[in-house]
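With these hints in hand, go ahead and build the complete structure from the sequences.
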Amino acid sequence: MDREKLDGWCEKGILGLVLAMLVYGPLATGMVRPQDFVVVQWLTLPAVGIWLFRFWINPKHRLLWSPLCWAVLAFVVYAIGRYWKADVEYLARQELIKVLIYALLFFLVLTNLHKQDMTHIVGLTLIGLASAIALYAVVQFLTESDRVWHFVRPDAYTKRGSGTFICPNNMAGYLEMLLPLGLACTMTGRFSHVTKVLVGYASLAIFTGIVVSVSRGGWVATVLTMGVLFICLFRQRGYRMQSFLLLGGLIVIVVVFFLQARLSQNRYEKLMQSRSIEDVRVKLWGPAVKIWQENIWWGAGPAHFDYRFRQHRPPDDQLQARPDRVHNDYLNTLADWGLVGAVLVAAAWGIFYWLVFRAWPFVQRTPNDLTSKRSNKASFVMGGALGLLAILLHSFFDFNMHIPANAMLAVTLMALVAGHFRFATERYWVTLHAPLRGVVTVVLLAALGYLGVETWRRTRECYWLVRAEGEKNYSLEQTDAFRRAFAADGKNFEAAHEVGECLRMRGWDGGDAGKEQVKEALTWFKRSMEMNPFNPHPVTRQGMCLDWLGQHEEASDFFKRAQALDPNGYLTVAYMGWHYVQLEDFAAARKWFEKSLRLNSFSNELAVAYLKLIDKRLTEPSVLK
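In our numbering, the protein residues as written are 4 to 628.
Calculated from the structure, these hints are not laboratory results. Even glycine gets a Cβ: it sits at the ideal position worked out from N, Cα and C. Do not take every clue at face value.
[As the list claims (entries may be wrong)] Derived CB-CB ranges, DEER-like:
(1) Val155 to Asn298: 52 to 60 Å
(2) Gly19 to Asp512: 32 to 40 Å
(3) Val155 to Pro70: 40 to 48 Å
(4) Arg325 to Arg430: 47 to 55 Å
(5) Val343 to Asp483: 40 to 48 Å
(6) Lys475 to Lys8: 23 to 31 Å
(7) Ser604 to Phe360: 52 to 60 Å
(8) Gly19 to Tyr466: 43 to 51 Å
(9) Trp352 to Glu474: 39 to 47 Å
(10) Trp352 to Ala23: 26 to 34 Å
Set out below in structure tokens:
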């Protein structure tokens, strides 16, 4: 086999692996679970290996290196530096791996899949996948299903379609990126009539999926993006009548949705409940700003917001659950990456749209006197750029860019659109001569080596964590599984905490014979606390173990420390009350439990149970004396 044919097979291999990543991601509930994302890590490794192989079998292989590539590379370098200075190494490392995967995906697509046939295959595959996800969401909406595959969605998402995602907002973010692409290809592309009909129906299905998601952020982003699309089409001859017909079809879908929504008597109440839950997101913005202000230039650290939030949690009963993210990608970037990281991200987007406007005249076909000529290049640039605009608008109200499937789709669209910049100028092509070829080889080998080690470690860790979830709580088998997960990654503070919790529970049930287990649990809680100094849970558990061992004075220091880490967390406050119960200071304990109940009056069994116990004990003469 000659080199040219081998190079072609390498190109097809990269295409297949990239499509596997892009298809698997949304089907695996957005890849929000670590065991799902590790699959993409495994797919990335052979794709990068094949790309590296292409460098050496094809001496004419060139890099398509636009100014956008420098912005992407700059953020990767910054992410590596920020990882080394992060307070919680485990969190920062997992976030760094995602950044590396996204960056490698960007360069894989830009350099290997920029040809028109490759671009069409990727684009049409994504549109078809999005339409299938949207139809699944329509079925969920009509049948009022609460399931995604075998998973059961939270009650807050009842009466809403989410497709293969758990959260409807995440599905809306995914679909809104592909809707403009589908409509642009249908209206202005040069595809066959059959292809355009199929893509047109797929686009209507995608729009319906956005509607039944009942995501207000998705609705706003879609309406604004559709407005820009229709303005662009109205300004071109030959598209005005089709645009009016399409607009009418979209309006019909919206009307049918609201008519269907009224058929269920309790649907409105459920939607209002969901809306009130979603409105909580605005309350997270204030703490996010405070976290950012603590380190304006560099931020709290990659993925640190969830744990740093506790120190800034307002005394609000709606903010007692883990927020995970800020529900605003812009504030989340500032809180985690600081002003430097935010500027680098903004620079990448700014360069991208500057290049879009610069390349636009070169991707259009010259119009004649009667009508505008159709162009696949122009339709893809318009649809891809508007799809990315939609996710940027939606990011003001959600954290879609922190959902791996959505982030990978955005990166892929950005790379595919960026591939069209080559029509504006030839200077973005870089020929890989010997010195540059060596530099690229070293960089890719380093990436393969690091990701290979981390992927293997993450695979072992996820295997044992999944095993632990399937075992009986606090059993010997579960304890052993958590130990093995920690052995796979010695920086996993959550696994260390779970080992300590298993030992603590079994030790408490064992009476005096369980003292050794409780003492061992103390060492595990200490490890967890050292690896993540912002997590109050191992701190409270240390205090509880010391109280059980009779070391109340030493335990008080840990409970006070936990209060400093999470002063308005209902569980942390309740555990302080529990500590005073051990000291038999029931008056002080009552105050803490009452405060905990004010912070969470809906699912606070600990405070309710101990308040009843305190009321009973205070009626006993010996206690009153």
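Taking the hints in turn, this is what the structure says about them:
no. : hint                         : verdict
1   : Val155 to Asn298: 52 to 60 Å : violated (39 Å)
2   : Gly19 to Asp512: 32 to 40 Å  : violated (53 Å)
3   : Val155 to Pro70: 40 to 48 Å  : holds (47 Å)
4   : Arg325 to Arg430: 47 to 55 Å : holds (49 Å)
5   : Val343 to Asp483: 40 to 48 Å : holds (43 Å)
6   : Lys475 to Lys8: 23 to 31 Å   : violated (57 Å)
7   : Ser604 to Phe360: 52 to 60 Å : holds (54 Å)
8   : Gly19 to Tyr466: 43 to 51 Å  : violated (26 Å)
9   : Trp352 to Glu474: 39 to 47 Å : holds (45 Å)
10  : Trp352 to Ala23: 26 to 34 Å  : holds (27 Å)
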